[in-house]
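Peer 1: Make a model of the complete structure from these sequences and hints.
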Amino acid sequence: MTPDTFIKFGIDVLIIVIKIAVVLVIGLLHVAYATYFERKVIGHMQVRLGPMRVGPHGLLQPFADGIKLFFKEDLIPEKADKVVFYLAPVIFMASAMVNLAFIPFSHNFIIADINIGLLFIFAIAGIGVYGIFISGWASNSKYAFIGGLRSSAQVISYEIAMGFSLVGVMIMAGSLNLTEIVRAQENSIFGMYAIPQIVGFVIFVIAAVAETNRTPFDLPEAESELVAGYFVEYTGFRFALFFLGEYIAMFIMASLCTVCFLGGWTLPWYVLKVLPFLQHVPGIVWFLIKVYAFIFFYYWIRATVPRYRYDQLMSIGWKILIPVALANILVTGLVKILL
Amino acid sequence: MTFKKFIKTVTFIEILKGMALTLSRFFSRSVTIQYPDERRPIAPGFRGQHALAKHPQTGEAKCVGCGLCATICPSQCIHVFREKGKVSRYEIEVLRCIYCGFCVEACPYGAVVLTENYEYSDYSKENLYMTKEKLLSNWDKYMPGNKGEEYFKRFWRPMSGDFETPSQQPMFRGKRS
Amino acid sequence: MDQVEKIFETRELNVNMGPQHPATHGVLRLVLDLDGETVVNVTPYVGYLHRGIEKLGESLSYFQALPLTDRMDYVSAMSNNIGYVVAVEKLFGIEAPERAKFIRTMVGEMSRISNHLLWLATHALDIGAMTVFLYCFREREWILELFEKICGARLTVTYPRIGGVRNDITQEFLESLWKFTEEFPSRILEYETLIDQNRMWLKRTIGIGVISAEEAVNWGLTGPTLRGSGVPYDVRKFTPYDAYDRVEFDVPVGTEGDTYDRYRCRMIEMRQSNNIVRQCIEKLPPGPIMADAPKFTLHPKDAMFPITHPTKEHAFYIDEKVCKGCGMCLRACPVKAITGEKKKPHKIDQAICLQCANCLAVCKFKALKIVPGGKGLSEDKLKELAQAPLPEEITKAKEHLVEHFTFIKRGPRAPEGDLYVATEVPKGELGFYFVSDGSGKPYRMRVRAPSFIHAGVLPRLCVGHLVADVIANIGTIDIVLGECDR
Numbered sequence: 000m001t002p003d004t005f006i007k008f009g010i011d012v013l014i015i016v017i018k019i020a021v022v023l024v025i026g027l028l029h030v031a032y033a034t035y036f037e038r039k040v041i042g043h044m045q046v047r048l049g050p051m052r053v054g055p056h057g058l059l060q061p062f063a064d065g066i067k068l069f070f071k072e073d074l075i076p077e078k079a080d081k082v083v084f085y086l087a088p089v090i091f092m093a094s095a096m097v098n099l100a101f102i103p104f105s106h107n108f109i110i111a112d113i114n115i116g117l118l119f120i121f122a123i124a125g126i127g128v129y130g131i132f133i134s135g136w137a138s139n140s141k142y143a144f145i146g147g148l149r150s151s152a153q154v155i156s157y158e159i160a161m162g163f164s165l166v167g168v169m170i171m172a173g174s175l176n177l178t179e180i181v182r183a184q185e186n187s188i189f190g191m192y193a194i195p196q197i198v199g200f201v202i203f204v205i206a207a208v209a210e211t212n213r214t215p216f217d218l219p220e221a222e223s224e225l226v227a228g229y230f231v232e233y234t235g236f237r238f239a240l241f242f243l244g245e246y247i248a249m250f251i252m253a254s255l256c257t258v259c260f261l262g263g264w265t266l267p268w269y270v271l272k273v274l275p276f277l278q279h280v281p282g283i284v285w286f287l288i289k290v291y292a293f294i295f296f297y298y299w300i301r302a303t304v305p306r307y308r309y310d311q312l313m314s315i316g317w318k319i320l321i322p323v324a325l326a327n328i329l330v331t332g333l334v335k336i337l338l
Numbered sequence: 000m001t002f003k004k005f006i007k008t009v010t011f012i013e014i015l016k017g018m019a020l021t022l023s024r025f026f027s028r029s030v031t032i033q034y035p036d037e038r039r040p041i042a043p044g045f046r047g048q049h050a051l052a053k054h055p056q057t058g059e060a061k062c063v064g065c066g067l068c069a070t071i072c073p074s075q076c077i078h079v080f081r082e083k084g085k086v087s088r089y090e091i092e093v094l095r096c097i098y099c100g101f102c103v104e105a106c107p108y109g110a111v112v113l114t115e116n117y118e119y120s121d122y123s124k125e126n127l128y129m130t131k132e133k134l135l136s137n138w139d140k141y142m143p144g145n146k147g148e149e150y151f152k153r154f155w156r157p158m159s160g161d162f163e164t165p166s167q168q169p170m171f172r173g174k175r176s
Numbered sequence: 000m001d002q003v004e005k006i007f008e009t010r011e012l013n014v015n016m017g018p019q020h021p022a023t024h025g026v027l028r029l030v031l032d033l034d035g036e037t038v039v040n041v042t043p044y045v046g047y048l049h050r051g052i053e054k055l056g057e058s059l060s061y062f063q064a065l066p067l068t069d070r071m072d073y074v075s076a077m078s079n080n081i082g083y084v085v086a087v088e089k090l091f092g093i094e095a096p097e098r099a100k101f102i103r104t105m106v107g108e109m110s111r112i113s114n115h116l117l118w119l120a121t122h123a124l125d126i127g128a129m130t131v132f133l134y135c136f137r138e139r140e141w142i143l144e145l146f147e148k149i150c151g152a153r154l155t156v157t158y159p160r161i162g163g164v165r166n167d168i169t170q171e172f173l174e175s176l177w178k179f180t181e182e183f184p185s186r187i188l189e190y191e192t193l194i195d196q197n198r199m200w201l202k203r204t205i206g207i208g209v210i211s212a213e214e215a216v217n218w219g220l221t222g223p224t225l226r227g228s229g230v231p232y233d234v235r236k237f238t239p240y241d242a243y244d245r246v247e248f249d250v251p252v253g254t255e256g257d258t259y260d261r262y263r264c265r266m267i268e269m270r271q272s273n274n275i276v277r278q279c280i281e282k283l284p285p286g287p288i289m290a291d292a293p294k295f296t297l298h299p300k301d302a303m304f305p306i307t308h309p310t311k312e313h314a315f316y317i318d319e320k321v322c323k324g325c326g327m328c329l330r331a332c333p334v335k336a337i338t339g340e341k342k343k344p345h346k347i348d349q350a351i352c353l354q355c356a357n358c359l360a361v362c363k364f365k366a367l368k369i370v371p372g373g374k375g376l377s378e379d380k381l382k383e384l385a386q387a388p389l390p391e392e393i394t395k396a397k398e399h400l401v402e403h404f405t406f407i408k409r410g411p412r413a414p415e416g417d418l419y420v421a422t423e424v425p426k427g428e429l430g431f432y433f434v435s436d437g438s439g440k441p442y443r444m445r446v447r448a449p450s451f452i453h454a455g456v457l458p459r460l461c462v463g464h465l466v467a468d469v470i471a472n473i474g475t476i477d478i479v480l481g482e483c484d485r
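If you read the protein sequences in the order shown, they are chains Y, V and E. Counting from 0, one number per residue, gives the positions in the first sequence under numbering that gives the first Met the number 0. Counting from 0, one number per residue, gives the positions in the second sequence under numbering that gives the first Met the number 0. Counting from 0, one number per residue, gives the positions in the third sequence under numbering that gives the first Met the number 0.
Dumping the calculated DMTMM-like pairs for lysine to aspartate or glutamate here, alpha-carbon to alpha-carbon at most 20 angstroms:
(1) V:83 - E:378
(2) Y:141 - E:32
(3) E:342 - E:318
(4) Y:141 - E:11
(5) E:380 - E:318
Rather than coming from a laboratory, the hints here were simulated on the basis of the structure.
Peer 2: As structure tokens, this is what we get:
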């Protein structure tokens with residue numbers, strides 16, 4: 000290895016480290032303010048105000064929450080499986096954080112631009128469910144146990160539906176690389192895949208809600224049934240990790256939706272034609288706007304609808320979403336071959 | 000499944016309607032009252048903390064110590080002690096009181112009232128044990144001027160007007176649809 | 000297969016739901032046996048909120064026991080008050096005046112609306128629709144504020160009285176209540192937009208907790224829980240009390256007897272109640288608000304003014320000629336100002352006397368005389384003044400005062416016998432059963448609380464369904480543990 004390549008390698012590493020730092024900061028700030036955003040949005044939808052006390056309009060509320068959780072007494076049930084109990088939130092949180100590496104925030108801002116990005120995100124998200132499941136098991140509590148079981152069943156069935164719903168996108172883009180998928184959308188006549196892949200899009204949205212355990216599919220933590228579900232025995236910072244993980248997972252799902260269906264950091268060409276000055280806006284702005292619109296949609300849904308029952312959730316997943324997603328793949332494939 | 004029903008199912012129409020409602024509420028004014036900064040208007044005759052009425056002219060307690068309030072109190076939280084010709088102690092255990100207002104109704108002398116004060120939380124039980132002095136100072140604090148007399152006029156019931164038909168009775172005068 | 004079962008011995012998961020659980024509406028405890036998610040067995044345990052209200056009622060006079068009923072079903076305290084008051088009035092054989100009846104009907108229906116709002120709020124929240132919860136509370140708050148306007152309390156109102164109501168309503172209250180009734184139907188539409196046709200709501204409620212009409216009657220269900228099964232039983236229609244026979248309303252019934260039907264019944268009931276309130280406002284007659292039954296009601300304060308008004312300075316004096324020396328006043332005097340031996344005339348020490356009139360109330364021989372303006376006078380002077388005939392207003396006031404003291408010290412005396420009176424509270428049929436021994440306190444007070452009976456039907460509704468349906472079923476039978484445990 001010559002010194003030249005060594006320096007080049009060093010710079011590459013440095014760039015990656017900086018990128019990681021930036022993404023990490025974005026991710027954690029996102030979580031902090033996503034909770035605030037959620038409480039405000041849902042509060043106003045319910046003719047309340049949401050947090051108002053800490054700082055102006057409650058803007059410092061997330062930090063107050065964080066500090067409180069950090070200093071809370073850390074309780075561990077006596078008969079819990081201690082090692083696994085410690086491990087579960089870390090797995091959950093880490094798997095959510097790792098996924099941040101594959102999200103293309105902009106055309107040149109991605110930590111790991113790998114060719115199988117989409118598959119990788121699925122794989123890592125699948126690991127996240129172990130965190131939920133083993134936390135439910137390790138707590139040695141019946142409510143947590145039922146919550147963990149529900150979660151594993153739910154994620155298994157909805158991962159399939161979600162994967163299938165994205166196959167249409169893969170076929171259309173001809174790639175698993177997320178950057179490539181965005182570029183393919185930019186060049187397509189529709190500008191974004193949400194239009195031709197409307198069926199896939201709807202399935203993806205439903206499955207994404209289920210995947211992140213949000214209302215109306217928040218059965219693993221169904222408050223009125225299982226109190227808090229799998230993390231009922233967790234306190235303090237371990238609880239905070241679950242909380243962080245959930246919001247990052249939401250961010251991942253919103254980003255995935257943005258990248259695969261809403262055109263990522265690009266704008267459809269017809270929009271640019273009508274309003275050409277918009278192309279001077281940096282791509283990350285569009286990306287974040289789309290992501291937060293999707294996250295707003297998450298909250299909006301939560302404020303509106305009741306919760307499904309466990310068996311109903313399963314039957315929707317297996318009897319409706321998966322067949323429809325398969326049909327969508329078939330149609331997309333046929334159209335692709337014929338055209 | 001009829002076609003109409005099918006369309007309704009795939010378009011999520013009823014959920015979209017609900018979402019439209021929540022969104023419209025998102026932009027409407029919230030009903031929250033930020034409690035210590037702003038307060039709800041309290042209706043007159045609110046059954047809050049007690050006070051012992053003072054005579055408007057002499058400024059002395061109206062209570063003669065008959066003990067009817069202590070008798071009627073369902074939670075027995077009023078204690079009256081008398082000594083040679085005067086009421087020496089008149090005490091109310093606020094923590095036991097259920098604010099039914101029976102003491103006001105039982106008192107034939109109009110000596111005890113419930114004021115509009117509802118913010119009297121405290122850290123010690125002693126402070127929530129109302130003595131005669133505290134109850135009398137409550138009267139000055141929460142029933143200043145004419146307020147006390149107004150209170151007795153409206154909320155010291157029953158009056159003989161309640162047993163007959165008064166000339167000016169509230170009646171609905173709005174439109175009859 | 001047998002071998003597999005031998006290796007993996009399965010047993011039911013025993014889950015303890017409550018008494019601290021967000022969906023058990025207080026402190027209901029359910030012990031569930033779960034086979035996977037399916038409920039195999041449910042055992043409800045009640046009694047965590049037992050305060051002995053029935054027993055307390057036996058040690059309080061009929062008048063004093065009224066606030067206890069507030070604390071039974073605290074969600075619709077007004078209806079419970081009315082139920083108690085109607086029952087006691089029947090026991091006493093008195094009747095409230097028209098105006099009071101209409102006011103009671105009006106506030107009773109307001110209470111029904113507020114109860115159903117809270118029921119809908121929590122039921123929807125249990126099923127997951129949390130916005131409905133806050134929308135319902137917005138209107139409930141409105142009703143509570145109206146309650147505050149008429150009686151000074153929001154939740155534990157203690158507004159009706161035996162023989163009428165506490166105080167008359169104001170013009171301002173009537174207008175704001177009318178405004179509420181005009182606005183309210185559109186608010187019901189808001190809740191219905193969110194859940195009525197929502198596919199998730201339908202899936203969670205249709206076919207859940209089905210109970211047939213016959214079975215529902217056998218279980219003793221009442222109220223909307225029964226009517227959801229198609230039995231049009233409503234105490235307001237069958238044995239009308241207060242002004243229910245003079246207002247028009249329909250009794251909604253369901254057909255299937257499932258959670259959704261019961262939900263629909265209650266939604267329609269809210270609209271009907273709104274109509275009843277409007278009718279009551281329109282038909283509100285002028286007239287007294289307290290029954291003219293001096294033995295059973297508090298006495299008018301202004302009638303006692305000639306004696307009790309603070310500007311009057313009377314002295315009490317015992318007429319030696321009349322006093323038989325029974326010692327009643329001696330015992331009644333709180334400051335021991337009365338002295339004397341048995342069978343000899345007593346004497347009041349004017350320096351100690353508080354002029355509290357306790358002695359006046361107990362003297363059976365009318366030996367106690369009031370000396371107008373006699374405070375501070377000498378004994379001889381009092382003796383002289385006591386012989387003069389009293390002005391008529393003071394004689395009348397004295398009668399009232401004596402009755403008032405007796406009423407409070409002894410309680411209104413009910414005739415001997417027993418009686419059961421049922422009223423329709425929002426949760427179902429609230430019955431009061433009194434056994435009276437002729438004293439001022441009931442010998443036995445028994446409350447037929449709908450919540451208690453409804454809690455008993457939970458196993459019947461839940462077995463075979465899933466865990467989530469247990470929650471829906473707790474919501475649909477609309478129980479309040481304060482009333483259930485009493």
